Structures are given as structure tokens and as C-alpha cells.
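If you read the sequences in order, they're chains A and B.
Here the first sequence stands for residues 985 to 1241, where the numbers follow the numbering used here.
Here the second sequence stands for residues 18 to 196, where the numbers follow the numbering used here.
Among the hints, a few may not be true.
Straight-line alpha carbon distances no greater than 27 Å define the calculated BS3-like cross-link-like pairs of lysine-lysine that follow [what the hints assert, rightly or not]:
1. A:Lys-1023 x B:Lys-135
2. A:Lys-1125 x B:Lys-101
3. B:Lys-101 x B:Lys-146
4. B:Lys-135 x A:Lys-1049
5. B:Lys-155 x A:Lys-1125
6. A:Lys-1125 x B:Lys-147
7. A:Lys-1125 x B:Lys-61
Because the hints were derived from the structure by calculation, they are not lab data.
Predicted model only: the values in this text are computed from it and were never measured.
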Amino acid sequence: MDGDPNKSDPQVEPVESTGITIRLDGFEGPLDLLLYLIKREEVDIWNIPIARITEQYLEYLEMMKDLNINVAGEWLVMASTLIYVKSRMLLPPDPAAAEESGPAEDPRTELVYQLLEHQKFKNAAQMLYTREEVENAVWQKPPKDALEDEEVVSVTLFDVLKAFREVVKRFDAQRAIEIAGEEVSLEERMAEVRRLLLARDTILFSSFFDGARSRQYLIVTFLALLELVRSREVWLYQKQAFDEIYVSKGKSEEGGA
Amino acid sequence: MDIDELVPILEAIIYVADDPVRPEQLKEIFPDESYDKIESALAKLLGEFNERRGGMAIREIAGGVRMTTRPEYHEHIRAYLKTKPNARLSLAALETLAVVAYRQPVTLAEILAIRGKKSSSALKTLLEKKLVTIAGRKQVVGRPILYATSREFLIHFGLKDISELPTMEEFTELAGEQQ
């Protein structure tokens, strides 16, 4: 959204292929159209040529109806106000009333005040727009990591052992045959964990054991994780006690576990 | 404690704070120090810090103080962060917000009268974004809900308090100029 609201043409939302009626953008109302017409015609707001403006207002209203725009009640209220003011302008001033209360009031006055009031708020909206633009151009220290906001619980050795026991149990239950040989080294698994954590900040502890083909693989992976925790390269946490364990990149000064 | 001792501590607290730091919060940390002293230390910090004309500023926002980058460096910061500008409020929302800010507490019917069009969806957006809050009910028939701007509004627009907004008369002059 950009541009000066005071200068924008009344915009109509494009007709949607399925829609039968369309809605005017919430920003545009009858007062906006009047201000637009007054500016376009470059007329003095204190001396609005009411007949001309009324005619143009009604033309726009017709156009909106032709386009199947759902013309809300306030548009019709304004149309009748304009027609009323126009007819009052045509009437000669009542000499009796003039004697009582001095010169007759211009029938346009109330409308003018309403328009000026509306223009003031459009200007105020413009001021807020500018302020927001400035505020969007400043940063404050980012809030701490979402991770820490989640009230992380540190993991005890017992939690880790319990999680590992479950991994082994699941492996034993699923495995059909154990493929012997093809040994994996501690260094290889440590490198793999580091590699995975480069791509993602946080990984579920149990997912490191997915696709394991031997108990040896499980044990080496487990030792690799423990080794990385010891060297503070990774840390383990839970969102609450006894919950799933997550593995995250270590933070040198605040590593958990 | 000496004011000169207090100043760097306040600076450190303002740096770590996620929200504008209010004097009342500082008073809790320094119960032995008077409000006057805390306020003087804050004023001294703001003066010294902002006089440096560095990349950061300490600004008075929503009844507190907050450390932010200076707006003039936004292009470089954005290039570094590789982020796009934030989503902006629609003009309909801004106009509704202007009515709430200057006429608060205000009812939906009063907003409609000023804007000359339905404003409920714009108001809903503002409530969802917590820029506007419910400030009770008007003691008239039907007891309509009254709306007012929130603390989040002050933060969003970088205002110290609501009186920092230009007065409505200033917009009258503008409206006159634009005839």
C-alpha cells in the first residue's frame, strides 16, 4: 500500500469472475468521492458549485451500479443530502426568516464542515502512515531465541539413557535381520550430526537413529551425540520434563545438558 | 549510589530489554534510589548516548525508554538482514485508527459518522493487531462498546505518549491549504 490517500482516484476492486457484486475498498466512501471531485474540479471548498458536484456524484453512483458494485446505504444518504442542499440553494431566501435570525445560513455549511472534518482525519491518517514508515525503518535487539522462550527444561543423563533405550527397543522390535559388517566410525557419525545441524537448528533426538541397520550403528550414533554434548557443540533440551528430547546447535556460553 | 554509577547500569538494562523500560521498573531494581535520581540518570544517559550520533539511539517510547537503530540506516540494515519491509496497515485501518486516536474513547457509530462509511472490518483488524483496545461501555442506550488506543499503538508509531501526536488543529491548517 503506498501513495497519498488524498490524491488517490476512487478505486474499484476488480470484478471477480465468480462474484455477482463487488465491494468498494473500505477506504473509499461518499465523503472521499466528494473530496476527490472538489479537488479535481479545483473549486473552493467554501463555495462548492453544488449543482455540478451533485451531478458528478450521481454519475459516479450510476457507474458503480452499472459495474454491479454493491452501493451501501451511506452512498444513497449522501446523494439525497446533495439533492436537498441543491434544492435549498435554488429557493429564494425566506424574507421573514431573514428578519428574525439575520442573514440565512448557507445550506452547504453543514456539509462543508463534515468534509473538512473528514479531510482532517485523512491528514491524520497520512501522519500515522509516515510515522509507521519511520518505525519500520528502526530495529531493536531481537527478542531472545524462540527456543529459550519456550521454557526449555534441561535434560538429565537419565532422560537421555531412557530415550536411547526406547530407540533400541523400537529397533529390536522392527528389525528382521541384522546386516553384519559395514561398520560406522564415531568420527563419521559426529560429522554427520554436525552436517545435519548446519541445515536445521533443532532436530528430534530419536530421528538420528532412523534408518539404522545395526545395533552398532545405534550405539555409535548415541556415543557421537554424547561426545558432541561433552564438547558443547550440541545441547539437548526438552520442552517439558519427560518429553521428547531435541538436539540443537550448542551455544558456547549457555550450552545446556 | 552516585548518578554516574547508575547511568551505565541503566544503559545495560535498556540494551537487554525486549520492551521499553519504564522508570517504575528501574525503581524496583533500585529501591533505595529516589525517582528523581532515576529520572535524572535516565535523562543524563539519553543526553550522552544520543549526542554521540552513533548508529543506535535511546528513545522515549510508551512511557519508557528503548534502544533502537537509527532510521537513516535502514537500507544497510535491510541489506544485511536480507529482509523486506514489514507489511503496512491499510489506509482504511490508518484512517479508522486516526479517528480512535483523536476521539477516544469512541464508539463504532461515532467512527462511522466521521468516516462516512462502515468501519467494522478495519476496527477488527486494529483489535487483532492490539493497536486498539476496548475501554468500557458508553453509558447511553444500548451501552455501546468504547474503543481507545493501546500501549502497542504508542510502540508501533514510536510515540512517548498520546499527547505527542500533533493536535487536530494542525490538520485543520493542512486541510485549509489543500482546498
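Which hint numbers does the structure go against, in order from smallest to largest? As far as the earlier hints go, only 5 is violated by this structure.
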